[in-house]
Amino acid sequence: MNKNFTDDTLLARWLSGELTPSELEELQKHPHFDQFKSIAELGKNTTQVEYDIEAEWDQLKNLRTSSKESPKGKIRPFIAKPFSIALAACLILGLMMFAFWITSATTIEKTTLAETKTISLPDQSIVSLTPNSSIRYNKRNFNRKRKVKLKGQAFFTVQSQTNTFSVKSANLLVEVLGTSFDIIDNANYLNVDCYSGKVKVSHSSQSHIIEKNESVVVKSDRVKKASFTTSQSKPSWLNTNTPKIKFNDTPLDIVLDELERWYGIEIIHSLNLEQRKYTGGFTINDLDTALLLVCSPMFLTYSIDGRKVVIKSEGK
Amino acid sequence: MLQSKSTLMAENVCEEEVYKSIYFEYSKSINSFLYYKCGNTEQSKDLCQETFLKLWQNCHKVGSEKAKSYLYTLANNMFIDAFRKNQFKNKYVDQYEVERNNIETPLQTLEGSEAHLRYEKALKSLSSKKREVFLMSRSEGFTYQQIAERLTISVKAVEKRMHGALIELRKLMYKS
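As you go down the protein sequences, you meet chains L and F in turn.
Numbering follows our numbering, with no gaps: position 304 of the first sequence is 304.
Numbering follows our numbering, with no gaps: position 118 of the second sequence is 118.
Keep in mind the hints are simulated off the structure, nothing from the lab.
Positions of the beta carbon are idealized from the N, C-alpha and C atoms, including for glycine.
Be aware that one or more of the hints could be misleading.
With a cut-off of at most 20 Å between alpha-carbon atoms, the simulated DMTMM-like pairs for lysine to aspartate or glutamate come out as follows [to be verified]:
| # | chain 1 | residue 1 | chain 2 | residue 2 |
| --- | --- | --- | --- | --- |
| 1 | F | K20 | L | D52 |
| 2 | F | K85 | L | E115 |
| 3 | L | K198 | L | E211 |
| 4 | F | K66 | F | E149 |
| 5 | L | K151 | L | E115 |
| 6 | F | K130 | L | D305 |
| 7 | F | K124 | L | E54 |
| 8 | F | K129 | L | E56 |
| 9 | F | K175 | F | E120 |
| 10 | F | K124 | F | E114 |
| 11 | F | K28 | L | E25 |
| 12 | F | K66 | F | E15 |
| 13 | L | K145 | L | E115 |
| 14 | L | K44 | F | E15 |
| 15 | F | K20 | L | D8 |
| 16 | F | K160 | L | E115 |
| 17 | F | K129 | L | E211 |
| 18 | L | K61 | F | E25 |
| 19 | F | K129 | L | E54 |
| 20 | L | K308 | F | E15 |
| 21 | L | K312 | F | E25 |
| 22 | F | K20 | L | E314 |
| 23 | F | K156 | L | E54 |
| 24 | F | K130 | L | E260 |
Partial list, derived from the structure: chain F residues whose beta carbon lies under 10 Å from chain L [as the list claims (entries may be wrong)]:
| # | residue |
| --- | --- |
| 25 | T73 |
| 26 | H116 |
| 27 | L151 |
| 28 | L169 |
| 29 | Y174 |
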């Protein structure tokens, strides 16, 4: 019998006594059979967890009685004073109307992990949100003051108008007159790519003006202007055929964060990755291919278990 | 056991006697199950209490015949919630090792104790899914059918995890 098993339930059925005599005979010839026997014995002798069931039951009884008598169950006597009730009601109503008027104008659009969304703003500008991102703007006076607050990453196609369109995120401010740009602000991953028109990008006290096919990237608090090549007038994650995310000399831990965000997975690893840089990209509609595209060139292996992915160094 | 099983057929869990018999039948295993996940006796007891408290609060939603798998699902979710809220501060694996190494072992020979230490260390590195099936089978003595009912997975899935656990444990312990 060779070392590897073709039947992935064989050892389980061995322990439950469900093997045929010939299967059992075969298994006993396996080079590691004695080791499996020891492990099975150790398992059997594993000391059970201490548990004083009577004591735990008493403790649970206390928990249960205190939870059923929650204040919601009690009826408090309420003495009515007609005038103060009327006044309180009016105030509350007034406050509610005011709050409603104020907040109804504030519009929030957000995406969760692995979700994208495209919406249009009151001035006909278009915003495509990537996963785990959100924008906030005032619906009512948007055509007068075109201001959008951004968390995460989005691609903006801005309508040409006389007033400035501005996008403010935690660390960046982008102001445009009529153009399209992809802005990403995920704390340590700051990048703006301009796809058409002219865009002014500011970070801390530094700013750059970039045009089509130019980008601003912030690395360790230094703001750099760079150029990129693209055959399209929009970012690659909006492609209909093979949508993908591209990286150029990006720290690998940021690349893994992006994988987690786009697929809604959790990546588990114990490697030191900030020093390693990745240039390449991954698809956003096929997790297995995406992981392969990231891990293979970096000599890493991956294994998928539901929503968790474990990444290790090759050869471990 | 057979007797209590027949009294539990589709009975009202909100009745004290029914709830109490469910508790006495399953709480030790639920506690062990949680312990396999977090390796900490205090945490597992707390989560076990919360699991049964949740059962009590939802007693009208579940028939007594479904209580068993409902409890395991509840326990699993309790653990995941607590883990997400970082109640274990990512040290649960170390905690598991610390606690297990302090427990007296019944094995007598010197060689046996060394094997036992290697075994405990290997157990810690196993994936949680494999570890719980392995211990539910070997330590608690459940059949694969009983494990499948509790974890609401197929018997085949249980067997695969069991086989996988042995393979992985051997690799970790004997390094070849």
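Outcome of the hint check:
{"no.": "1", "hint": "K20(F) with D52(L)", "in the structure": "15 Å, holds"}
{"no.": "2", "hint": "K85(F) with E115(L)", "in the structure": "24 Å, violated"}
{"no.": "3", "hint": "K198(L) with E211(L)", "in the structure": "5 Å, holds"}
{"no.": "4", "hint": "K66(F) with E149(F)", "in the structure": "10 Å, holds"}
{"no.": "5", "hint": "K151(L) with E115(L)", "in the structure": "15 Å, holds"}
{"no.": "6", "hint": "K130(F) with D305(L)", "in the structure": "12 Å, holds"}
{"no.": "7", "hint": "K124(F) with E54(L)", "in the structure": "30 Å, violated"}
{"no.": "8", "hint": "K129(F) with E56(L)", "in the structure": "26 Å, violated"}
{"no.": "9", "hint": "K175(F) with E120(F)", "in the structure": "15 Å, holds"}
{"no.": "10", "hint": "K124(F) with E114(F)", "in the structure": "16 Å, holds"}
{"no.": "11", "hint": "K28(F) with E25(L)", "in the structure": "38 Å, violated"}
{"no.": "12", "hint": "K66(F) with E15(F)", "in the structure": "15 Å, holds"}
{"no.": "13", "hint": "K145(L) with E115(L)", "in the structure": "29 Å, violated"}
{"no.": "14", "hint": "K44(L) with E15(F)", "in the structure": "37 Å, violated"}
{"no.": "15", "hint": "K20(F) with D8(L)", "in the structure": "40 Å, violated"}
{"no.": "16", "hint": "K160(F) with E115(L)", "in the structure": "33 Å, violated"}
{"no.": "17", "hint": "K129(F) with E211(L)", "in the structure": "53 Å, violated"}
{"no.": "18", "hint": "K61(L) with E25(F)", "in the structure": "16 Å, holds"}
{"no.": "19", "hint": "K129(F) with E54(L)", "in the structure": "29 Å, violated"}
{"no.": "20", "hint": "K308(L) with E15(F)", "in the structure": "40 Å, violated"}
{"no.": "21", "hint": "K312(L) with E25(F)", "in the structure": "42 Å, violated"}
{"no.": "22", "hint": "K20(F) with E314(L)", "in the structure": "52 Å, violated"}
{"no.": "23", "hint": "K156(F) with E54(L)", "in the structure": "36 Å, violated"}
{"no.": "24", "hint": "K130(F) with E260(L)", "in the structure": "24 Å, violated"}
{"no.": "25", "hint": "T73", "in the structure": "16 Å, violated"}
{"no.": "26", "hint": "H116", "in the structure": "7 Å, holds"}
{"no.": "27", "hint": "L151", "in the structure": "14 Å, violated"}
{"no.": "28", "hint": "L169", "in the structure": "5 Å, holds"}
{"no.": "29", "hint": "Y174", "in the structure": "5 Å, holds"}
In summary, the structure is inconsistent with hints 2, 7, 8, 11, 13, 14, 15, 16, 17, 19, 20, 21, 22, 23, 24, 25 and 27 from the numbered list given earlier, while agreeing with the others.
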